[in-house]
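Take these sequences, add in the hints, and give me the full structure.
Sequence order for the protein chains is A and B.
Residue numbers for the first sequence follow this note's numbering, so the first one is 1 and each next one is one higher.
Residue numbers for the second sequence follow this note's numbering, so the first one is 1 and each next one is one higher.
Hints may contain errors.
[As the list claims (entries may be wrong)] Calculated cross-link-like contacts (lysine-lysine; reagent style DSSO-like; alpha-carbon spacing at most 30 angstroms): (1) K52(A) - K124(B); (2) K90(B) - K81(A); (3) K31(A) - K31(B); (4) K22(B) - K45(B); (5) K82(A) - K7(A); (6) K52(A) - K135(B); (7) K31(A) - K45(B); (8) K158(B) - K81(A); (9) K90(B) - K57(A); (10) K82(A) - K22(B); (11) K31(B) - K37(A); (12) K90(B) - K31(A); (13) K135(B) - K37(A); (14) K90(B) - K61(A); (15) K30(A) - K123(B); (16) K158(B) - K61(A); (17) K123(B) - K13(A); (18) K102(B) - K90(B); (19) K30(A) - K31(B); (20) K80(B) - K57(A); (21) K52(A) - K31(B); (22) K57(A) - K83(B); (23) K135(B) - K158(B); (24) K135(B) - K61(A); (25) K57(A) - K13(A); (26) K22(B) - K31(A); (27) K20(B) - K30(A); (28) K135(B) - K13(A); (29) K31(B) - K82(A); (30) K61(A) - K101(B); (31) K22(B) - K61(A); (32) K20(B) - K45(B); (33) K124(B) - K57(A); (34) K57(A) - K123(B); (35) K77(A) - K135(B); (36) K123(B) - K52(A).
[To be verified] Partial list, derived from the structure: chain B residues whose beta carbon lies under 8 angstroms from chain A: (37) M59; (38) D60; (39) Q62; (40) G99.
Think of the hints as simulated: they come from the structure by calculation, not from any bench.
Cβ atoms here follow ideal geometry from the backbone N, Cα and C, with glycine treated the same way.
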Amino acid sequence: MTADELKSVAVAKSVDARGTACPGPLLEAKKTIGTIKSGDVMEILSSDEGTKQDIPKWCGKQGHEYLGFVEENGYFKVYMKKQ
Amino acid sequence: MENSNVNSIEQMQVQIDELKSKIAQLESSRKDQLSIAVVSGDLDKVLAAMVISIAAAAMDTQVKLFFSFWSLSALRDPKKSPKGKDLISKMFGWMLPNGTKKLKLSNMNMVGMGPKMISYLMKKQNVMSLETMLKEAGELGIEIVVCEMSMGLMGFKKEEFIDYPHLSYAGAATFVADAGESSIQLFI
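Spelled out as structure tokens, the structure:
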């Protein structure tokens, strides 16, 4: 998805993992994924550069759909849809 | 004629059963599981083992850590003081790091300055401390198996280890069996 499409996507839950470094954001995402429904979109806020590569890998293994990421000022938002 | 038909069906049945058991073996041989033999007691190496384990557990991979030799220092609880040790065991107890906060770095240790600097940087950059990682690991169901032989060798007692929810004690064969069915095996 493009950055503009991602910005308008309906987010079921937002995880702010900006206060943690690897593997914190992944851990936060894993803890939150159980609280949303199948087909829901989750947004992960992170300032850890590795998260951009790690979340797609996690999605790939778990069967979730990775949607993309949006750069913000000093951090970024990663979007994924639960399987 | 009828007899030979029955025979060939029976033979086929035997072959099918053999194939079934072989497939079952193959299916169970490589689970989505990570096995690490954690031997080093260096802060940086134990940290690496824990970061990898937590990432794996977050990806729903079963994790089994086999702690042996120097790594046992990381599992010691400085608040606990076990009784009934002989002289050599006591000496080992004094000489070896007592808990996660006392671990050395494999490089740039600089008589304890290195670990202090690393701890400062980790805090500053929001990297979880080893204690926090062990706590998270417990919540994620990461299993820690303590090598009985190393424990005996260094004179450590079960009473001096941390209260970890999935801690057990076993020998090398347990690691071999666990590692054999894991799709990822590491030695740190």
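To see whether the hints hold, each was checked on the structure:
Our distance criterion of 30 angstroms between C-alpha atoms is met by K52(A) and K124(B), whose separation comes to about 21 angstroms. Only pairs whose Cα atoms come within 30 angstroms are accepted, and K90(B) paired with K81(A) is rejected, the gap being roughly 55 angstroms. Only pairs whose Cα atoms come within 30 angstroms are accepted, and K31(A) paired with K31(B) is accepted, the gap being roughly 23 angstroms. Restraint check for K22(B) and K45(B): not satisfied, since their Cα atoms lie roughly 39 angstroms apart, outside the 30 angstroms limit.
With a C-alpha separation of about 18 angstroms, the suggested pair K82(A) and K7(A) falls inside the 30 angstroms cut-off, and the hint holds. Among the hinted pairs, K52(A) with K135(B) is consistent with the structure: their alpha-carbon atoms are about 26 angstroms apart, no more than 30 angstroms. Distance check on the hinted pair: K31(A) and K45(B) sit about 26 angstroms apart at the alpha-carbon level, within 30 angstroms; holds. Taking the CA atoms of K158(B) and K81(A), the gap is near 45 angstroms; set against the 30 angstroms cutoff, the hint is violated.
Of the supplied pair hints, the one linking K90(B) and K57(A) is violated, its CA atoms being roughly 47 angstroms apart against a limit of 30 angstroms. Taking the CA atoms of K82(A) and K22(B), the gap is about 35 angstroms. The hint is violated against a cut of 30 angstroms. At most 30 angstroms may separate the alpha-carbon atoms for a hinted pair to count; K31(B) and K37(A) meet this at roughly 27 angstroms. The straight-line distance between the Cα atoms of K90(B) and K31(A) is roughly 42 angstroms, outside the 30 angstroms bound, and the hint therefore fails.
Taking the CA atoms of K135(B) and K37(A), the gap is about 28 angstroms. The hint holds against a cut of 30 angstroms. At roughly 48 angstroms between alpha-carbon atoms, K90(B) and K61(A) are farther apart than 30 angstroms, so this suggested pair is violated. Distance hint between K30(A) and K123(B) is fulfilled; the C-alpha atoms sit about 22 angstroms from each other, no more than 30 angstroms. Annotation: proposed proximity of K158(B) to K61(A) is violated, straight-line Cα distance about 37 angstroms (limit 30 angstroms).
Restraint check: the Cα-Cα separation between K123(B) and K13(A) comes to about 27 angstroms, which is no more than 30 angstroms; the hinted pair holds. The straight-line distance between the Cα atoms of K102(B) and K90(B) is roughly 17 angstroms, inside the 30 angstroms bound, and the hint therefore holds. Between K30(A) and K31(B) the alpha-carbon distance is near 20 angstroms, which keeps this suggested pair within the 30 angstroms criterion. At roughly 41 angstroms between alpha-carbon atoms, K80(B) and K57(A) are farther apart than 30 angstroms, so this suggested pair is violated.
The straight-line distance between the Cα atoms of K52(A) and K31(B) is roughly 27 angstroms, inside the 30 angstroms bound, and the hint therefore holds. Under the criterion of a C-alpha separation no larger than 30 angstroms, the hint pairing K57(A) with K83(B) is inconsistent with the structure, at around 48 angstroms. Under the criterion of a C-alpha separation no larger than 30 angstroms, the hint pairing K135(B) with K158(B) is consistent with the structure, at around 19 angstroms. With a CA separation close to 25 angstroms, the supplied pair K135(B) and K61(A) stays within the 30 angstroms bound.
For the given pair, K57(A) sits about 20 angstroms from K13(A) by alpha-carbon distance, which is consistent with the 30 angstroms threshold. Only pairs whose Cα atoms come within 30 angstroms are accepted, and K22(B) paired with K31(A) is rejected, the gap being roughly 38 angstroms. The suggested pairing of K20(B) with K30(A) is violated, with an alpha-carbon distance near 36 angstroms, which exceeds 30 angstroms. With a C-alpha separation of about 25 angstroms, the suggested pair K135(B) and K13(A) falls inside the 30 angstroms cut-off, and the hint holds.
Between K31(B) and K82(A), the direct Cα distance comes to roughly 24 angstroms. Compliance with the 30 angstroms bound is thereby established for this hinted pair. As the CA atoms of K61(A) and K101(B) are separated by approximately 35 angstroms, the hinted pair breaks the 30 angstroms bound. Proposed proximity of K22(B) and K61(A) is supported: the alpha carbons are some 26 angstroms apart, at most 30 angstroms. Restraint check for K20(B) and K45(B): not satisfied, since their Cα atoms lie roughly 42 angstroms apart, outside the 30 angstroms limit.
Our distance criterion of 30 angstroms between C-alpha atoms is met by K124(B) and K57(A), whose separation comes to about 27 angstroms. Straight-line distance between C-alpha atoms of K57(A) and K123(B) comes to about 27 angstroms, which keeps the hinted pair within the 30 angstroms bound. A threshold of 30 angstroms between alpha carbons decides the hint, and for K77(A) with K135(B) the separation of about 27 angstroms falls inside it, so the pair holds. At most 30 angstroms may separate the alpha-carbon atoms for a hinted pair to count; K123(B) and K52(A) meet this at roughly 22 angstroms.
Because the closest C-beta pair between M59(B) and chain A is about 5 angstroms apart, less than 8 angstroms, the hint holds. The beta carbon of D60(B) is positioned within 8 angstroms of a beta carbon in chain A (closest approach about 7 angstroms), and the interface hint is therefore held. About 13 angstroms separates the beta-carbon of Q62(B) from the nearest beta-carbon of chain A, more than 8 angstroms, and the hint is not met. Hint status for G99(B): violated, given a least beta-carbon distance of 22 angstroms to chain A, over 8 angstroms.
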